[in-house]
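Please build the complete structure, drawing on both the sequences and the hints.
Listed in order, the protein sequences are those of chains A and B.
The first sequence: position 74 = 74 (our numbering), numbered continuously.
The second sequence: position 359 = 359 (our numbering), numbered continuously.
Any given hint could turn out to be false.
Here are some, though not all, of the chain A residues that point toward chain B, as calculated from beta-carbon distances under 8 Å [said to hold, decoys possible]:
#1 Ala23
#2 Arg32
#3 Gly267
#4 Cys269
#5 Leu301
#6 Lys394
#7 Gly396
In case anyone wonders, no lab produced these hints; they're calculated from the structure.
Computed from a predicted model, the values in this text were never measured in an experiment.
Glycine included, each C-beta is placed from N, C-alpha and C at the ideal position.
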Amino acid sequence: MAARTTQEAQAVIDLASGDPHRAGIVPLSFVRQVLAVCVFPDLLRDDSIPLDARQRAQRFLDICPQGSVGVYSSTTGMPYVVQRIAEFISKRDGGIAADPNQIFFYSGTQENLKMVLNLLSSGSGEMQTGVLTPLPYPHTLPRLLQYTRLKLVPCSLKQSQGWAVNTEELHRTVTEAREHCNPRALFICNPGIPTGHVQDRKSMESVIRFAAAERLILLVQEVYQDCVHGPGIEFLSYKKVLLEMSQEYSEHVELISFNSLSNGSLGECGLRGGYMELVNTDTAVAERVKVLMGFRSPPVLPQPALEVMINPPTPGEPSYPTYKQEMSLIQTTLSHNAQRGYEVLNSLKDVSCQPAMGGIFLYPRLELPAQLIEEAKTLGLPPDVLLCQMFLDKAGVCVGAGSENGSEHDTYCYIRVSFAASSDTFQDALSRLCSFHHHLHETYS
Amino acid sequence: MPPTSNTGERSIFNRYQLRRRMSVVLREISPNIRSIRPPRYTALSVRAAQIREELRQVRFIYSSLDFLHHLIKTNRSSTCVFVQGVKKPYTELIDVTWGDPQGAGLKPLTFARQVLAACLYPKLLNNERLPADVRQRAEGLLHECHGGSVGSYTDLPGIPQVARQISEFISRRDGGVPSDPDHILISPGSQWALQVHEKYTAMYKFKQLYCGGGGVRSGVLTPQPSYSLSVMSVVGLGGVPVPYQLWEEQGWEVQVEELNRALEAAEGECDPVALYVINPGNPSGHVQRRKSIQDVIKFASEKRLFLLADEVYQDCIYKENIEFLSYKRVLAEMGPPFCDTVELASFHSASKGLLGEYVCGFRGGYVELVNMDPAVMKHVFTIFSKDNAPTPGQIALSVMASPPQPGDPSYPLYRTEKQQMQTLIKDNVRKVHEVLNSLPGVSSHPVEGGAFAFPRIDLPPKAIQKAKDLGMEPDIFYCLRLLEDAGLFFTPGCEYGQKDGTYHVRYAKKRFHFMNDFS
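Put into structure tokens, the structure is as follows:
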């Protein structure tokens with residue numbers, strides 16, 4: 001999409017990039033209070049900020065060299081924060097141990113992933129390293145793989161199967177891929193991006209067995225683990241499932257999982273903070289990652305934010321009521337939007353959409369009018385990009401073209417719609433979508 | 001996997017396969033990454049970290065007993081503590097390895113921190129205790145953030161207002177030479193930006209000169225001594241660093257004859273595409289004069305090299321009567337044909353400035369592109385758009401580029417703080433120079449700019465021998481002893497590339513009360 005000036009952009013509702021604050025979700029007060037105090041410690045004496053926020057900040061400042069967040073920190077993440085992350089992971093996984101030495105903090109998943117991909121990347125032509133990934137994939141993936149000189153090997157998921165991962169399809173894809181590249185990794189998102197599919201244990205186990213059989217390292221993006229919407233749906237981490245399998249898998253399958261501040265509830269995409277955990281990788285890998293990370297110090301500011309994300313206020317603390325209220329609001333908003341979006345989209349003619357079990361995207365399928373396809377061809381654009389541009393121009397709502405996620409078909413297309421937005425904004429976007437859709441069918445029928 | 005009817009056999013075979021490929025990720029690692037070597041002084045940093053941690057624990061214990069705490073505070077030099085059972089005549093490790101002023105005791109600029117706090121927690125916009133100009137600045141910046149939150153992804157490649165402020169700042173600095181905000185890219189720290197440019201100039205030139213010469217690696221001329229991480233990142237990107245020596249006898253000047261020699265030496269080894277200069281020098285502290293910059297530009301023009309100018313220490317100039325001149329300004333003032341043809345990328349960051357914020361932890365930097373081929377520019381933009389600069393870093397840049405002005409409520413405090421810092425550092429620079437040169441066997445050039453001193457130390461032959469016996473570089477040995485005996489953490493010169501037979505150490509000059517502790 002062409003860049004727009006800020007003013008225009010602010011009148012537009014952006015539901016393409018999955019940026020909650022941009023679409024009206026309000027940041028969590030506690031997080032911001034802690035950060036503000038960290039940045040400007042004079043605020044430690046300011047009564048308008050709750051005591052526990054100030055204490056949290058103080059604790060953090062105490063472990064910062066010279067008591068300042070402006071100082072270069074340890075290149076792999078402050079030990080205090082990394083320790084807390086390890087505890088969080090362990091608790092989440094029902095007590096399975098997490099080793100702080102295998103956890104690395106950096107400025108967002110993109111950076112962490114890039115580092116890992118750089119380690120993997122080698123070869124060219126037929127020997128080029130390939131990364132298998134279910135299609136549709138996150139729209140940021142192709143550029144990242146291109147930058148790290150890796151081949152993207154897509155494995156199509158089917159909407160009709162609820163976007164479930166299909167191991168037979170994976171097998172077929174990888175066998176075929178071996179003819180023209182060297183697949184060494186499987187990149188998978190759970191909850192799926194943009195599909196919103198949440199895998200169950202059985203599905204995850206079969207993926208793990210597949211990775212083991214095909215000698216692939218598993219790279220798992222789990223940023224939306226805090227966002228699960230349907231009743232009876234539970235998020236299970238790949239690490240937990242792996243370690244609860246038999247020894248031949250639990251001790252051998254290599255896994256790297258990613259999480260970050262850009263999740264559903266915090267949505268602090270601009271702060272750039274995230275971590276990755278290495279499981280079963282050779283010790284030399286962790287060493288090598290440390291060397292690579294030694295080049296640049298990660299930002300300090302996201303670290304207290306991350307610490308709050310995994311260690312929120314607890315009952316009894318002064319900020320707890322507000323925190324709980326805000327969190328509830330965000331989570332209800334997301335669930336409500338997910339449901340509403342699903343209903344509205346499915347009510348439109350020639351549109352079908354799977355429910356979002358998790359994550360922050362809906363991924364509806366739209367049948368394309370033949371005329372639109374022709375017009376797109378003349379303009380030299382993929383039809384869904386044209387559709388999204390028209391939608392943006394006409395209705396001021398920005399949604400993502402499914403071709404960015406790898407979905408390319410002849411007579412239909414997909415669009416990716418983030419519902420991480422305030423209720424009002426999302427409602428507004430939905431009604432604009434409905435009128436645009438109506439207009440589209442009138443114009444092109 | 002061979003088919004087998006016996007599941008038992010198959011599972012044994014599987015296990016064998018799985019065990020065998022344990023190190024598959026590392027063994028087949030990208031050859032570029034493999035050749036990045038970790039800094040040689042890792043053992044030193046590890047030891048420093050250990051000592052630091054032990055001292056912290058010791059301090060913690062003591063601080064819970066009031067009188068001992070008091071004792072330590074007032075009588076530091078005469079208090080001894082035990083670290084791992086060895087008596088240490090110091091209670092605090094002084095780390096002067098990184099150019100991190102806050103890490104060495106200087107306070108951050110109040111204005112910058114206030115603006116940041118207000119941006120993070122907008123409720124503060126209504127807080128009367130914050131000066132009006134702080135609140136206005138924060139409000140303005142938030143207005144340009146999507147959703148009014150610094151938690152949103154910013155427009156790529158950076159908040160427009162910040163890019164504008166930076167271009168105005170550059171123009172003012174360069175005596176009016178215009179700067180185009182569209183040619184300014186904001187990045188998470190200058191190192192990152194530098195890497196991107198190294199990668200892209202390499203690829204671009206490669207395309208340009210491609211005549212079936214696949215497999216020829218691109219070379220980047222790099223100064224010696226220089227900042228090791230930059231050199232390593234060249235290696236990491238598949239390039240070849242081509243070192244050129246700076247002339248120590250003349251205060252670490254850049255010499256065109258040496259540039260020529262380096263270029264010739266590189267023939268056959270690689271295809272040089274870029275020339276990397278650091279001005280003010282790191283660690284040399286040399287500030288280039290106009291003539292020197294012109295000579296370098298002419299050289300780059302003649303040899304068709306892309307100029308990468310690392311100017312992050314431009315705010316740190318100490319010698320009287322010296323002015324920092326940016327490569328861009330000198331280039332523009334040279335007139336045609338140079339000003340229209342020489343390709344240049346100049347880098348700056350919010351982490352290093354004297355005038356700006358000591359906000360290394362915030363990660364904000366920018367690069368200005370001059371005369372870049374539009375096709376390459378497009379590629380570079382794409383890469384920059386992929387990696388958002390953290391919003392707090394951008395805010396730090398905004399404050400750096402556009403500080404409080406006379407008449408603003410925050411100006412008096414800002415002015416005082418700035419002057420204090422400047423005086424302190426100038427003092428340190430002078431003292432350091434005096435003390436160093438008074439020590440036997442140590443010689444140091446007066447530091448003109450930058451954040452470091454790079455004195456040369458003539459080690460007695462016995463010390464050199466002892467080091468060799470221990471299997472370590474002599475300068476690492478010296479630094480280790482310094483660490484253990486005096487609690488000072490310096491960086492050995494071998495990290496920066498020095499002429500064989502000479503040994504140097506690098507340290508940052510911004511430590512409070514430095515002199516008391518050093519002697």
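Hint check:
| no. | hint | verdict |
| --- | --- | --- |
| 1 | Ala23 | holds, 7 Å |
| 2 | Arg32 | holds, 4 Å |
| 3 | Gly267 | holds, 6 Å |
| 4 | Cys269 | holds, 5 Å |
| 5 | Leu301 | holds, 5 Å |
| 6 | Lys394 | violated, 21 Å |
| 7 | Gly396 | violated, 14 Å |
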